[in-house]
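Visitor: One letter stands for each residue in the lines below.
Number of protein chains: 2
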Amino acid sequence: MGMLPLQSDDKSGKLFIVGTGPGGAAWMTGRAAEAIREAEYVIGNAFYLEQLGSLLEGKTVIRSSMGKEVDRARRCIDLAREHRVAMVSGGDPGVYGMAGIVLEVLERSGDAVEVEVVPGVTAACAGASLLGSPLTGDHVTLSLSDLLTPWEEIEHRLDCAFAMGVPVALYNPKSRGRPENLSRALAIALRHAAPETPVGLVRNACREGEATSVTTLGALAADTSAVDMHTVVFVGGKETFPTKNGGMLTPRGYRRKYVY
Amino acid sequence: MGMLPLQSDDKSGKLFIVGTGPGGAAWMTGRAAEAIREAEYVIGNAFYLEQLGSLLEGKTVIRSSMGKEVDRARRCIDLAREHRVAMVSGGDPGVYGMAGIVLEVLERSGDAVEVEVVPGVTAACAGASLLGSPLTGDHVTLSLSDLLTPWEEIEHRLDCAFAMGVPVALYNPKSRGRPENLSRALAIALRHAAPETPVGLVRNACREGEATSVTTLGALAADTSAVDMHTVVFVGGKETFPTKNGGMLTPRGYRRKYVY
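Those protein sequences? They're chains A and B, same order as listed.
Take the first sequence: its letters are residues 1 to 260, numbered as in full-length UniProt numbering.
Take the second sequence: its letters are residues 1 to 260, numbered as in full-length UniProt numbering.
Some clues are possibly wrong.
[Claimed, not checked] Computed list of lysine to any residue pairs in SDA-like fashion (alpha-carbon distance at most 20 Å, straight line):
1) A/LYS174 with A/PHE241
2) A/LYS14 with B/LYS244
3) B/LYS238 with A/THR149
[Claimed, not checked] Listed next, with one range per pair, are the computed distances between beta-carbon atoms:
4) A/LYS238 with B/ASP78: 30 to 38 Å
5) A/GLU114 with B/ALA112: 45 to 53 Å
6) B/GLU38 with A/GLU116: 43 to 51 Å
7) B/SER65 with A/GLY177: 47 to 55 Å
8) A/ALA26 with B/ALA112: 22 to 30 Å
None of these hints come from the bench; they were simulated from the model.
Predicted model only: the values in this text are computed from it and were never measured.
Ideal Cβ placement from N, Cα and C applies to all residues, glycine included.
Work out the full structure, taking the sequences as your base and the hints as a guide.
Guide: See the structure below:
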């Protein structure tokens with residue numbers, strides 16, 4: 001046999017920012033798995049790395065901790081000059097994931113590194129699938145974490161969001177050290193929506209510890225103890241109703257159009 | 001060999017409402033592929049069925065056309081009383097997909113059929129991944145189609161959405177026969193946002209005919225001819241900026257928190 005051809009692709013660096021979806025490898029896309037297989041280095045939060053199982057075999061794995069996103073972004077970019085690097089991010093990397101910060105650090109550094117963002121299933125879509133169809137169409141996605149956004153700005157966004165009358169998915173409903181953020185948000189919701197509005201709670205969608213429940217806006221505002229940091233809270237819109245099987249459903253207007 | 005054990009699971013019906021993601025099978029999750037493999041019947045819009053390729057081998061395939069969603073939902077439910085049925089839906093079935101209407105028809109019929117909604121990657125997440133990170137965190141998802149929602153209601157939602165100051169992903173920016181909906185929406189956006197606000201256009205994300213571009217709110221409002229029914233329009237938020245590589249980026253506030 002002759003020499004292997006020189007494959008320039010094998011030598012060039014590339015950074016994949018990979019959405020691993022809500023939990024186990026079954027909720028990852030084929031493209032996400034392929035990007036991780038192609039990588040020499042896999043970097044990410046220990047929690048998300050754990051879900052990858054045998055995909056990590058033969059890789060150099062770099063575990064980083066929450067709250068060190070800027071350092072992690074810099075390290076990825078440095079490595080990706082000469083290596084294939086997969087930065088993994090739970091859910092979709094473009095929604096409360098690592099794509100924003102990595103691309104921001106890259107943009108400001110002026111470096112030229114090839115990047116591919118691999119989309120994933122968000123925690124909101126995963127959680128919604130377990131409740132039935134709480135979002136269905138138009139909706140708002142908001143985080144209650146005031147680590148990176150001033151609380152006054154979050155309150156403004158909440159007020160506009162609930163004024164729309166469409167379902168709202170709340171991420172990070174209880175930040176560490178700020179358990180009252182959720183109560184404040186629900187008080188804003190109650191300015192626009194009835195206390196009977198259905199509210200769905202989904203913890204750990206599509207992974208160990210999965211749990212769902214449906215309550216009402218009024219009941220949750222009175223007692224938020226069922227909600228923790230790992231919960232996505234789905235506040236229904238004007239047309240949302242609870243279903244007989246314990247889920248919730250926002251109709252999309254077919255009934256308005258077709259009498260059935 | 002003895003008789004095969006009676007497997008009650010093989011006999012019982014089940015309806016999977018499966019998100020096939022933005023395009024080719026590579027952007028589908030493992031769970032979505034598994035649900036289709038398990039099904040005897042696969043039903044869906046011809047466009048989405050075509051992307052499934054060899055996954056359809058050995059299945060009874062039922063192609064249905066756009067605009068017949070209520071009939072399609074009824075047919076699925078009838079079949080799923082005794083058969084394994086996969087209703088496929090592009091993107092995520094819970095966001096402008098088939099989950100809402102199927103579950104609504106089921107709820108109102110009072111039938112007991114086992115249902116599993118399998119989440120998928122949305123067109124918004126797929127399109128965003130091609131632009132860099134236009135959404136990043138808080139954002140709004142709105143459709144400009146007035147087939148199922150009255151236009152006055154859409155205008156109200158748009159006004160609240162753009163008042164938030166966060167990125168807005170617009171689906172169905174040009175309904176058949178209503179090409180002016182996008183111009184009206186952009187006029188509402190200009191009440192709240194500067195004409196220089198970056199706007200990204202993504203056609204056919206992750207499938208044949210993929211194309212992206214970034215323009216500004218002012219320029220698109222003056223000429224919407226680059227947008228068609230298959231485009232998702234990403235209107236940036238207050239902090240969104242265009243990137244050197246032709247994409248767009250919404251920072252998430254790390255720079256506010258960590259000086260770097």
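Visitor: Within 22 to 30 Å or not, the Cβ separation of A/ALA26 and B/ALA112?
Guide: Check passed, 26 Å falls within 22 to 30 Å.
Visitor: Can you confirm whether the C-alpha distance between B/LYS238 and A/THR149 stays at or below 20 Å?
Guide: holds (13 Å)
Visitor: Taking the CB of B/SER65 and the CB of A/GLY177, does the distance hold inside 47 to 55 Å?
Guide: holds (54 Å)
Visitor: Measuring from beta carbon to beta carbon, are A/GLU114 and B/ALA112 in 45 to 53 Å?
Guide: Roughly 52 Å apart at Cβ, these two residues keep to the hinted range, so it holds.
Visitor: Against the range 30 to 38 Å, how does the distance between the Cβ atoms of A/LYS238 and B/ASP78 compare: consistent or not?
Guide: Distance hint for A/LYS238, B/ASP78 holds at roughly 31 Å.
Visitor: A/LYS14 and B/LYS244: Cα distance at most 20 Å?
Guide: holds (18 Å)
Visitor: Mind checking the alpha carbons of A/LYS174 and A/PHE241 for me, to see if they're no more than 20 Å apart?
Guide: Cα-Cα ~25 Å, so violated.
Visitor: Regarding B/GLU38 and A/GLU116, is the given constraint of 43 to 51 Å on their beta-carbon distance met?
Guide: Roughly 31 Å apart at Cβ, these two residues miss the hinted range, so it is violated.
The structure fails hints 1 and 6 (numbered hints given earlier, in ascending order).
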